[in-house]
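Visitor: Take the given structure of chain S and dock chain G to it, following the hints.
As you go down the protein sequences, you meet chains S and G in turn.
Under full-length UniProt numbering, the first residue of the first sequence carries the number 1, and numbering increases by one thereafter.
Under full-length UniProt numbering, the first residue of the second sequence carries the number 1, and numbering increases by one thereafter.
These are calculated hints, taken from the structure and not from any lab test.
Mixed in with the good hints, there may be bad ones.
Pairs count within a copy or across copies, as identical chains cannot be separated in the list.
To be verified - Derived DSBU-like pairs (lysine-lysine); straight-line CA-CA distance at most 30 Å:
id: 1; residue 1: 48; residue 2: 398
id: 2; residue 1: 297; residue 2: 403
id: 3; residue 1: 394; residue 2: 306
id: 4; residue 1: 72; residue 2: 195
id: 5; residue 1: 325; residue 2: 394
id: 6; residue 1: 93; residue 2: 311
id: 7; residue 1: 24; residue 2: 162
id: 8; residue 1: 75; residue 2: 306
2 protein chains.
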Amino acid sequence: MNYQHNFNPSISDMDVFNEIVKEKENIGYYNLVYQDTSDFKEYAKSVKQKNIVVIGIGGSTLGTYAIYKFLKHSKTLSKQLYFLETTDPIDIKSKVEAIDLKDTLFIVISKSGTTIETVSIFKYINSLVKCNQTNTLVITENDSKLNSYAKTNNIKTFEIPKDVGGRFSVFSAVGLLPLAIVGIDIDELLKGTRKIHDSFFGIDSNRDVYNRLLKKARFFVEYKNNFNINVVFSYSSRLEGFNKWYIQLWGESLGKIDINSTRQGLTPIGIIGPIDQHSFLQLIVEGKRDKTVTVIKVDDFDSNLKIPDIKLHGLEELDYLDNIKFSSLINQQADATIESINNLNDIPCDVITIDGVSERSIASLMYEYELLTSICAKFMYINAYDQPGVEAGKIILKEKLNK
Amino acid sequence: MNYQHNFNPSISDMDVFNEIVKEKENIGYYNLVYQDTSDFKEYAKSVKQKNIVVIGIGGSTLGTYAIYKFLKHSKTLSKQLYFLETTDPIDIKSKVEAIDLKDTLFIVISKSGTTIETVSIFKYINSLVKCNQTNTLVITENDSKLNSYAKTNNIKTFEIPKDVGGRFSVFSAVGLLPLAIVGIDIDELLKGTRKIHDSFFGIDSNRDVYNRLLKKARFFVEYKNNFNINVVFSYSSRLEGFNKWYIQLWGESLGKIDINSTRQGLTPIGIIGPIDQHSFLQLIVEGKRDKTVTVIKVDDFDSNLKIPDIKLHGLEELDYLDNIKFSSLINQQADATIESINNLNDIPCDVITIDGVSERSIASLMYEYELLTSICAKFMYINAYDQPGVEAGKIILKEKLNK
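Here chain S stands alone, though its shape is the one from the complex (with noise of 0.2 Å):
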């Protein structure tokens, strides 16, 4: 009998840092932010339509969802922005019939061209409303099955590159061409994205989100069986999108198999300030140690919205809210969230501060999630690109479906 190993001993900021390199050359999603984006735009401006309607799921609709959610109320967006997901038959038929279908546009996206629940929904917009060149258009790999009905209608696409995955997608067609057609400044979110490529990547000389991203992921990689959970918890409502598909990013990325077959996974969970206070933070601050807090602050709301000072008799004592902004009432909320978990000394905790409510902020802050994505899947020995999981349960429908 002979055995040898070395169980890949902890492997070194630089080894990590290589390794990302090496990977840039075959996954796609790095080199997205010197993309040209001229295409695009150029499309968005040719469409007439009113509504856009988005069918797709997961990779397809989180990305463009997240920013739309946190741009959507501080920009006068031309266009309605609108999301078919789910096969649930009541959640079709009420969004269908919210919409004038007539003056819409069909945006179907699907990497694999196959995705069930697309296509699906896809066959029953068909039976409303003709589909065609005039009001579809189709976003998926160049050698799709999706992409030969395209061709054979003349109906126009655009290419999901094989090598970007999709969810990691949101800065390729999947989510720009999308947000270009709304209003949103396309060449803005691809800015906040190289501010982080180039800081991290060594363009830029100030390397702080080297600096920090290695150390958050070795912390998070090297605790990972203290702390199995990890909780963003954003503090604005705008934020929402963001944090579902983190918990996209997060999830499907690290749960995984690693190269000495041991099951690997961090949990991500997203939650809402201030409202989860009043819902998740009990269990954060007095059950058990095994969850990372991340909290994420919007420094400058663009909004003056005040608590006025107006006398509720019998209410006197809360008289201190008076005058105060809610921008700097939900920021001093946040702040005191955090004092009080640093005062605990035991619970890990970061946080992140966005510049404001901008296109550069919120792909800032995507794409650092991404590179933290791809560097915990380092650490931990996995692929953070494949998602081999979830195909079994794929065999088992179909094999129901064609009984």
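Guide: Chain G in isolation, oriented as in the chain S frame:
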């Protein structure tokens, strides 16, 4: 030195049941199932406004939203229900701008009567529209400051009983009154809760509920160090509000320090099928074995919506979907997920199938979860009904704001 302890050895099912029966004398939520609802219905009938805005947070809104979200598209409701619950200025502004405030009844809900978010938003509303007995209703404890305000201004009030905690208050005035006003049958809701209540407490000869809840709670608690995360996987977008309510109920009730000063806590996660098959499922299937999974299915969606047999050239390989009802598709997706999880043989998984999209179904589900939470708390030697962990943050916030 003297030291004696028994470390609270495992408690029997009958002991737990007896503790619950004893607790039922002091904890009010158990007994809401047999209350008289005529005052609520009478008030509801008198409401003339078209829009109903609930101002509240946490336990004052989550349960109401859960039921409203579940039922609103399956019934023709007479009024629109909105929730103002966060201090995010962009959220407040965008919501308020979308509502005709002159045709609105404001329902201010706060158990303590001095919830910062609720009073701040209510003050702001007062600067936009005069709030008085014609357009305002207050739901609070009888001796709260908010109640004094209401009395001073001749504003109608309904009581939150002292012994009904916020997160267990959905079947008190907190939930029943707004729901009755928008046209939901609250007597049917209570019938749903009674079905579970009577089976659990032995009023009904069918003890299914007693058996399954004690078994489930015992499992969750005994294996809490292996499976510290409880995933609820709801196969309907209508259950999104239920998931949020469950997260508060579970997290805030069970995240506690027990009688031996040990930190307890089971972490709730709520996901939606089939959407999160494309997000979280990979982590469940291949990730670390730290999760239990409860799948919730809706047996009858009461919908004939189906996938039409329209040919899409190029996509013929998906023609096996033709003529399948969406309700059948989503339930087969749930079944495929369950089967793929059960095939792994090492993920604890249970399945709850509710009858349909009705008052009784959602109320039974929610009351069952309230009981399950109380039972788990007994097994864990903790108090399910307080939330001492969030007080420190409140004190810090008040200091900051008073500066």
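Visitor: Each hint needs a verdict: does it hold in this structure or not?
Guide: Cross-check of the supplied hints:
no.	hint	verdict
1	48 with 398	neither (38 Å within a copy, 51 Å between copies)
2	297 with 403	between (51 Å within a copy, 21 Å between copies)
3	394 with 306	between (51 Å within a copy, 20 Å between copies)
4	72 with 195	within (23 Å within a copy, 44 Å between copies)
5	325 with 394	between (50 Å within a copy, 18 Å between copies)
6	93 with 311	between (46 Å within a copy, 21 Å between copies)
7	24 with 162	within (14 Å within a copy, 60 Å between copies)
8	75 with 306	within (20 Å within a copy, 38 Å between copies)
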